[in-house]
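K.L.:
Chains as they are written, first to last, in our numbering: chain A, 16 to 163; chain B, 16 to 163; chain C, 16 to 163.
These aren't lab readings, by the way, just hints derived from the structure by calculation.
C-beta atoms are modelled at their ideal positions from N, C-alpha and C, and glycine is treated no differently.
Where hints are given, some of them may not hold.
[Unchecked claim] Derived contacts from chain A toward chain C, CB cut-off under 10 Å, selection only:
hint: 1; residue: A37
hint: 2; residue: L41
hint: 3; residue: S92
hint: 4; residue: V96
hint: 5; residue: R98
hint: 6; residue: Y99
hint: 7; residue: T103
hint: 8; residue: R107
hint: 9; residue: M113
hint: 10; residue: R127
hint: 11; residue: F145
hint: 12; residue: M150
hint: 13; residue: G154
hint: 14; residue: S155
hint: 15; residue: L156
What follows is the residue order along each chain.
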Amino acid sequence: MTQIPLEDRVALEDLLTSYCLAVDTLSDMDALLGVFTPDAVCDLSGIGLPSLHGHEGIRGFFDSVFADMTHHAHFVSNFRVDRYEGDTASIRAYVMGMGRSRDGNDVLVYVRYFLDCVRTPDGWKVTRFFEDALMPLPGSLDEIHGKR
Amino acid sequence: MTQIPLEDRVALEDLLTSYCLAVDTLSDMDALLGVFTPDAVCDLSGIGLPSLHGHEGIRGFFDSVFADMTHHAHFVSNFRVDRYEGDTASIRAYVMGMGRSRDGNDVLVYVRYFLDCVRTPDGWKVTRFFEDALMPLPGSLDEIHGKR
Amino acid sequence: MTQIPLEDRVALEDLLTSYCLAVDTLSDMDALLGVFTPDAVCDLSGIGLPSLHGHEGIRGFFDSVFADMTHHAHFVSNFRVDRYEGDTASIRAYVMGMGRSRDGNDVLVYVRYFLDCVRTPDGWKVTRFFEDALMPLPGSLDEIHGKR
Chain A
16 MTQIPLEDRV ALEDLLTSYC LAVDTLSDMD ALLGVFTPDA VCDLSGIGLP SLHGHEGIRG
76 FFDSVFADMT HHAHFVSNFR VDRYEGDTAS IRAYVMGMGR SRDGNDVLVY VRYFLDCVRT
136 PDGWKVTRFF EDALMPLPGS LDEIHGKR
Chain B
16 MTQIPLEDRV ALEDLLTSYC LAVDTLSDMD ALLGVFTPDA VCDLSGIGLP SLHGHEGIRG
76 FFDSVFADMT HHAHFVSNFR VDRYEGDTAS IRAYVMGMGR SRDGNDVLVY VRYFLDCVRT
136 PDGWKVTRFF EDALMPLPGS LDEIHGKR
Chain C
16 MTQIPLEDRV ALEDLLTSYC LAVDTLSDMD ALLGVFTPDA VCDLSGIGLP SLHGHEGIRG
76 FFDSVFADMT HHAHFVSNFR VDRYEGDTAS IRAYVMGMGR SRDGNDVLVY VRYFLDCVRT
136 PDGWKVTRFF EDALMPLPGS LDEIHGKR
């Protein structure tokens, strides 16, 4: 098991939760962008969606997501620290993500998140986000988000 | 992120888990009431159910729930400390709650819990419990619990 | 609440997560066996499956599981320390477990895990694993795994 001070472990788990809470507000772009460094890569290609570059790329994609969805809920579990080197770390978790779009389409995914993180003066931030699927992805994922 | 000693963070997360474990016993009213201060408010109005006042109010509602249900399971994730002031704290979490009633009706909800907590000589207790829905609530929730 | 040093609590939670991650690889038998002491009992009788004895028993069952399944995902929540005595501990958790078999059969269970653990020179290990059902079990569980 990777050794890591408990304070950092908790901070990293909170960072992951912060991403999910922000995504689920469907409105709070500042909270969402605050999870990432300005030049972060949010790579959604593992579930067939785009790879987003920097705050502008992330904002562009999630502006559309926030506009399209009426409900969002992302449940984290199985948090794990894969790597810790003092000022950088890699973590992973399982996420059950679900939502309903304005046109009434439901989506439910079971995925893994992989986050590379860096300690900044403003706390831990994500430099690279990647996710892949644990279970077969529903067609509604592409119908709702894939058009971008 | 709210600063909180790790011992208190863990104790608060355990308190939340204790509520779910107690609710899922479908029998252990002492364990359930032990989560709350005697004058606690358990406000379920955010999901269309009653607001319960004090141990007597909580007991009255959950006596019926325990009698009506054959299965209960409440899964916690996304634990978060919103406020910490030494002897009081506010926490939140996501919960996937499910159950089956004696008449075979299934219910499944995706909700958020918001708990105000106080440190007592007997450990942390809940003074106010509130929940609201993350995803649209099923009609079976009202069919099973709403008649009270 | 059971008193336990935070380092041990985290290590025990990591041990539980390690079991789920290993089971979900559908290939990494060494990681799976590494969770258990050589003479551990993995008792699945609480969900109608066999009780497995030692690494050989566990390997035999999971060789078949790994061969039969194309997808696996086990989500942990509601972690709880039931007992801690320095070098031994008992923990529990809720798990939402799901999978798809090669013949396209889907399975989804909501269960509780109960683990007896021991501190070894190689970290905490499971000496006894037991699980039971929180919600009615689907018929597909027996169709997929029960033939062994």
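K.L.:
Compare the structure with each hint and give your call.
P.N.:
Okay, the hints, checked on the actual structure:
no.: 1; hint: A37; verdict: violated, 21 Å
no.: 2; hint: L41; verdict: violated, 23 Å
no.: 3; hint: S92; verdict: holds, 5 Å
no.: 4; hint: V96; verdict: holds, 9 Å
no.: 5; hint: R98; verdict: violated, 14 Å
no.: 6; hint: Y99; verdict: violated, 13 Å
no.: 7; hint: T103; verdict: violated, 20 Å
no.: 8; hint: R107; verdict: holds, 9 Å
no.: 9; hint: M113; verdict: violated, 13 Å
no.: 10; hint: R127; verdict: holds, 9 Å
no.: 11; hint: F145; verdict: violated, 17 Å
no.: 12; hint: M150; verdict: holds, 5 Å
no.: 13; hint: G154; verdict: violated, 16 Å
no.: 14; hint: S155; verdict: violated, 17 Å
no.: 15; hint: L156; verdict: violated, 16 Å
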